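Novice: Model the full structure from these sequences, guided by the hints.
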Amino acid sequence: MATIFGSVFVAELGDKTQLATMAFAAKGQVSKAEVFVAASAALVLSTLIGVFAGRLVTEFVGEQALRYVAGVAFVAIGLWTLLRP
Numbered sequence: 021m022a023t024i025f026g027s028v029f030v031a032e033l034g035d036k037t038q039l040a041t042m043a044f045a046a047k048g049q050v051s052k053a054e055v056f057v058a059a060s061a062a063l064v065l066s067t068l069i070g071v072f073a074g075r076l077v078t079e080f081v082g083e084q085a086l087r088y089v090a091g092v093a094f095v096a097i098g099l100w101t102l103l104r105p
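Here the sequence shown is numbered in our numbering, starting from 21 and rising by one per residue.
FYI, nobody ran anything at the bench for these hints, they're computed from the structure.
Distance windows between CB atoms, simulated: (1) 62 / 24: 17 to 27 Å; (2) 53 / 81: 35 to 45 Å; (3) 27 / 62: 12 to 22 Å; (4) 52 / 85: 38 to 48 Å; (5) 28 / 98: 11 to 21 Å; (6) 88 / 31: 11 to 21 Å.
Treat the numbers as computed from the prediction; the structure is a model and nothing was measured. Yeah, the Cβ is synthetic: ideal placement off N, Cα and C, and Gly gets one too.
Specialist: Next comes the structure, spelled out in structure tokens:
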């Protein structure tokens with residue numbers, strides 16, 4: 021549990037989701053509580069989709085292959101982010 025929590029927590033720090041949530045909170049058009057509840061619900065739903073999609077994918081693809089593909093995809097996205105004009 022601690023490893024999962026720590027990994028997801030660190031991955032979410034400073035990402036687009038957190039920046040979007042900060043922007044909504046800064047606008048002041050809705051309460052901070054509404055921003056928190058809506059953003060939390062969105063994260064819970066996207067995590068639920070990830071859990072079920074992960075379970076479904078592992079029925080057809082081995083765990084090692086999935087780790088390799090995910091690693092290559094993250095590196096590719098990182099390179100694309102760094103090298104795009």
